[in-house]
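Trainee: Each chain, written out:
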Amino acid sequence: MNNTTTTDEIKSFKDLFIFLRGELKPKGKIVTPFNLISAPVIIFGAVLILYRFIMGLGAVANSSSEYPWGIWIGFIVLVGVAFAGGAYVTAFVVYVLRAEKYHSIVRMAVLNGFLAYVFYAGAILLDLGRWWNIVNPIIGNKLGVNSVLFLVAWHFLLYMIAQFIEISPAFAEWLGLKRIRKFLSSLTLGAVIIGITLSTLHQSGLGALFLMAKWKIHPLWYTEFIPLLFFVSSVFAGLSVVIFIGTISYNYHVFDKDRIDPEYRQSWDDILFDLGKACSIALFVYFFLQVLVLIHGRHWALLNTAMGYWYLTEVMGLVWIPCLLFAWGVKYRNPASIRIAAVLTMIGVIINRINYSIVAYKWYLPLQEKYLPSWMEVVITLAIVFTMIWVFRWIVNRTPILCKPPVWAMEQEREEESKEGLLALSPQLGVTLADGGKLIEQKNKVNTRTLR
Amino acid sequence: MGINRRIFLKGLGMGIAGATSGGLLLPKRLMAGEGAANKEFMGVLVDTTRCVGCRSCEMACAEAHNLPVPDISDTSVFEKKRSTSERQWSVVNRFQTAKGEVFAKKQCMHCNQPGCVSACPVKAMEKRKEGPVTWDTNCMGCRYCMVSCPFDIPQFEHHSFAPKLQKCNLCWERLQKGEKPACVEACPAEALAFGTRRGLIEEANRRIYQNDGKYVPHIYGEHEAGGTGYLYLSAVPFEQIGFRTDLGTTAYPEYTKGFLYSVPVVLLLWPAFLGGISALTKRKEKISSEGGKR
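These protein sequence lines are chains A and B, in that order.
Here our numbering is used: the first residue of the first sequence is 1, the next is one more, and so on.
Here our numbering is used: the first residue of the second sequence is 1001, the next is one more, and so on.
There are no misleading hints in this set.
Pair ranges (Cβ atoms, derived): (1) B:Asp1212 / A:Val285: 52 to 62 angstroms; (2) A:Ile295 / B:Leu1280: 31 to 41 angstroms; (3) A:Leu303 / B:Gln1096: 33 to 43 angstroms; (4) A:Met55 / B:Gln1096: 34 to 44 angstroms; (5) A:Leu303 / B:Glu1190: 43 to 53 angstroms; (6) B:Arg1206 / A:Met55: 49 to 59 angstroms; (7) B:Asn1138 / A:Leu302: 40 to 50 angstroms; (8) B:Asp1246 / A:Glu369: 12 to 22 angstroms.
What the hints contain is simulated information worked out from the structure, not anything from laboratory work.
For every residue, glycine included, the Cβ atom is placed at its ideal position computed from N, Cα and C.
With these hints in hand, go ahead and build the complete structure from the sequences.
Mentor: What follows is the structure, given as structure tokens:
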């Protein structure tokens, strides 16, 4: 069985030490094209980050009085957080709607979300001129309760904690901590519900940040509905990223072979289409909202300008076309179409967020006064993204993210659920997940057994 | 089965968490500088028809705030339109208009309800009861104030290890001692007048009425962005002397008010709604599993 992480429960610190020492060793091939490119970028990026903290923001970044926010906010934070949206959407489906089928992707999505917040929301620290004061909104060195950013800051912090609770059973399973796992998994539903609430508010809150930049943002992009648009776009942004990561994990051998469960792998082919369907619907809702906003704003005369073409590229080319591609892929069971649509959607979200923070922001300035990121900003950005991928890979290669939890954990789960008279939410042995009907039947048998 | 104690406590805990975090954001605390109407804010009236472009105000400002003192005999600075910077809180610009050269001073407008104050997550930006908008060192340097300012006034020391945010503070430290702002005191042409905002609007209107046709019949700042502490008179339309005339009369915090109002509602209703869905799906499963037992 490949899903037992530790054979025995760790009983002493010595056991833990020996275990961790073994786990710290690299797994898989070390010399890969990705590693060869990313390792130097990460090291160089780390040096630049140090340089930035010593010499000040201006030594590294091109942000100016005209453009207070560059790509660290516009790309890393805004896009990173939107891309983390898959975590709350899948958690909602699996833990609140209890759709068993998607169990194989929920941990991957939540881990991605958690790391995205740690690294991408954490990148705010880079951009804060007086970063040592970041604790002020939390310790209450004056609370700006009427600030959107105050709300977003608090929600980031709380959501990071909620996501850690959601993913923590995986770590407990890795370390073989049975009692701790039991406690942590009892918190999951609460953490998920609070997490979804926080996500709703801060995904839209990031959009609300731009509401006061009313005269600085091009009228085709500025609307009082920016928060709603940001929230809806986080749904398909997050799901597209789940499609992207799932495809890489299950279809390419980037992770340790033992860490990919064959049944999960099999169920993925089916899940892909469900995700595509959800994306298509969310994109359609978003497109519809965009059309409504355009009609209400009565800015169609602006469509026939350079900025108007750019707007159409975003809304038609990177929202409407992927929406159709997703729908087409679902109808004709074409995985390639779904994958292309997911990549187009991701590009669309990146461009959308960059538009709000940079391109459509002060669009009236002449080209030479516009912001362009410095090469150092780009290197640091890449270094942060690569580090996040390294950490993600490290965790997937060690903890049960893409494979089933160890047997003891699944039994524990079943026991807890049957106490409440429920069907176990954890995946079970010998059950093909794709086969929904058979699954329920088996689950009923199992539950009946435990209930007696 | 019914509700057992654990479920009850869970629900109660969630309810309390929601209620208390909602309380943080009660609507009545939302408005920056609330009740602006019944407070006497101080302000400055700038009569651009009187300004001679001597830049004495720039020098006085720099001296009063330990900033690098500009060389005011150098008139080459007028060749380009300048913005305030992290080294200059106040700048005078020259404009070529239909009625000849016009000089206009630029600095923080000290809005009645400033966007920057409502933007600040740590209240480093504050609207003082005397009228000035001031900055404090508990600032995190997020620069959201710069994004939210309709006049692009706050300036950040990008090249410093411990950067400060630099902007005109209407000489708040002098105001507390009962003195006038340094620029007003230094003005040799009486282009600047200091007083209560209400009094200055009266004075501005008096000048418009008594000098038939000299001024455009508009006081810039009376209603712009919800009203500002600095007020301007001009003989030419304001867009000709570098002012944005498309700002509207809505106070900037109003733009985020709707979103902020919805926050406590979502915080309370969302968990309840999600908890309800979760309970329903659980109940359905329970029924089907009990059915399986039979």
